[in-house]
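Peer 1: Sequence:
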Amino acid sequence: MSDSSLSPTPRPCSRTVSVQLPDILSSCVPFELRVNRHCRSVSRASEAWLCDVGLKLEWKGIKVGLWASLCYPGADLSQLRLGADFLSLLVYEQEQDGCTNENEVFDLISDRLSRVAYKNPAWYMRFHRSMRMYHDARRRLHSLDSTCVPDLETYVDLRRNASGLKMVFHLIEYAGGLDLPERASSHPVLKQLTDQACDLIAWSEDAISCAKGMTPSSRINIVTVLMKDRNCSFGSALAYVGTLVKQSADGFLATERQFAACAVMDDDTRRYVRGLRDCIAGSVNWLYETERYLGTKGNEVRAFGWVFVPVLD
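Under the working numbering, the residues of the sequence shown are numbered 1 to 313, in order.
Among the hints, a few may not be true.
Said to hold, decoys possible - With a straight-line cut-off of 30 Å between C-alpha atoms, the simulated DSBU-like cross-links for lysine-lysine are:
{"#": "1", "residue 1": "166", "residue 2": "212"}
{"#": "2", "residue 1": "228", "residue 2": "166"}
{"#": "3", "residue 1": "246", "residue 2": "212"}
{"#": "4", "residue 1": "297", "residue 2": "246"}
{"#": "5", "residue 1": "212", "residue 2": "228"}
{"#": "6", "residue 1": "191", "residue 2": "246"}
{"#": "7", "residue 1": "166", "residue 2": "191"}
{"#": "8", "residue 1": "212", "residue 2": "56"}
{"#": "9", "residue 1": "297", "residue 2": "212"}
{"#": "10", "residue 1": "212", "residue 2": "60"}
{"#": "11", "residue 1": "60", "residue 2": "166"}
{"#": "12", "residue 1": "297", "residue 2": "60"}
{"#": "13", "residue 1": "56", "residue 2": "297"}
{"#": "14", "residue 1": "119", "residue 2": "191"}
{"#": "15", "residue 1": "228", "residue 2": "191"}
{"#": "16", "residue 1": "119", "residue 2": "166"}
Worth flagging that the hints you see were computed from the coordinates, not collected in a lab.
Construct all of the structure, not just a fragment, from the sequences and the given hints.
Peer 2: Structure follows, in structure tokens:
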């Protein structure tokens, strides 16, 4: 037996690095931030329901009710409640280490979704298709690790579906009592608009979530993909995410102007586009309000951007 075989296995090196998160809030200035007047009552009711059904997380600190209230500011009490419950189930599933059985968590609201499906079957078909794509993308992302980082184009496509944001956007229709015509919901310019909104929010979440720490077992996100794709440092990758978020915001505004000139733009479609704006402003601001990513330092990071990130090499 050689001496090298007796050598102890090197332990991972743990350190803390100070980095400045990209100023993604400045990219979202054009998007008005609104909040639903039922925020407090729905938040309390939803958190109580989550405890009753046995889903244990620090719901009060996560503030999913606030996220729903920012995404669906015009919803009535029952509409906002379904939105808050759905977003909570989405957060709960994404907080689990592995993929749960398909639809297992969302079955908790299947009765309410069925009632919506009865009233608007076309909407439910789109929603259910997005849910299938969500589960498939999550399985594919969970099968990857730090030794198998996808290229940027592959990751972007996976992240759009694995984020669950397409379902969040479908709920704009339900929460607003909208009926998008098929010619609008399938229009390529509206698809581009929703992709840009999805990218902006998902990449912002990826950047902010880095504050929780970076280890070889961390979930792959836009930062780790860019570090490999561009062969750059952690800080440089974060800065580039800020550039990508700004490009997505500018692209959304340009596409919105283009879509406004389309013949398919009726009142419900116009309200849906405003709903996308609400989701952008609400989701990005919520990243600093929830304790899911930044703990209790959200306001401090909002003001200065600096975080201490634990890194395990």
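Peer 1: Now, for every hint given, state plainly whether the structure supports it.
Peer 2: Do the hints match the structure? See the list:
In summary, the hint linking residue 166 to residue 212 is supported, as the alpha carbons are separated by about 25 Å, within the 30 Å threshold. For the given pair, residue 228 sits about 27 Å from residue 166 by alpha-carbon distance, which is consistent with the 30 Å threshold. At roughly 23 Å between alpha-carbon atoms, residue 246 and residue 212 fall within 30 Å of each other, so this suggested pair holds. For the hint linking residue 297 to residue 246, the alpha-carbon distance of about 24 Å falls within 30 Å, and the restraint holds.
Restraint check for residue 212 and residue 228: the C-alpha separation of about 20 Å stays at or below 30 Å, so the hint holds. As the CA atoms of residue 191 and residue 246 are separated by approximately 19 Å, the hinted pair is consistent with the 30 Å bound. Straight-line distance between C-alpha atoms of residue 166 and residue 191 comes to about 10 Å, which keeps the hinted pair within the 30 Å bound. For the given pair, residue 212 sits about 20 Å from residue 56 by alpha-carbon distance, which is consistent with the 30 Å threshold.
Restraint check: the Cα-Cα separation between residue 297 and residue 212 comes to about 12 Å, which is no more than 30 Å; the hinted pair holds. For the hint linking residue 212 to residue 60, the alpha-carbon distance of about 19 Å falls within 30 Å, and the restraint holds. For the suggested pair residue 60 and residue 166, the alpha carbons sit about 25 Å apart, so the restraint of at most 30 Å is met. With a CA separation close to 16 Å, the supplied pair residue 297 and residue 60 stays within the 30 Å bound.
A distance of roughly 23 Å separates the Cα atoms of residue 56 and residue 297; the hinted pair therefore holds under the 30 Å criterion. Simply put, residue 119 and residue 191 have alpha-carbon atoms about 24 Å apart, close enough for the 30 Å limit, and the pair holds. Distance restraint check for residue 228 and residue 191: the Cα-Cα separation of roughly 29 Å lies within the 30 Å cut-off, and the hinted pair is therefore satisfied. With a C-alpha separation of about 20 Å, the suggested pair residue 119 and residue 166 falls inside the 30 Å cut-off, and the hint holds.
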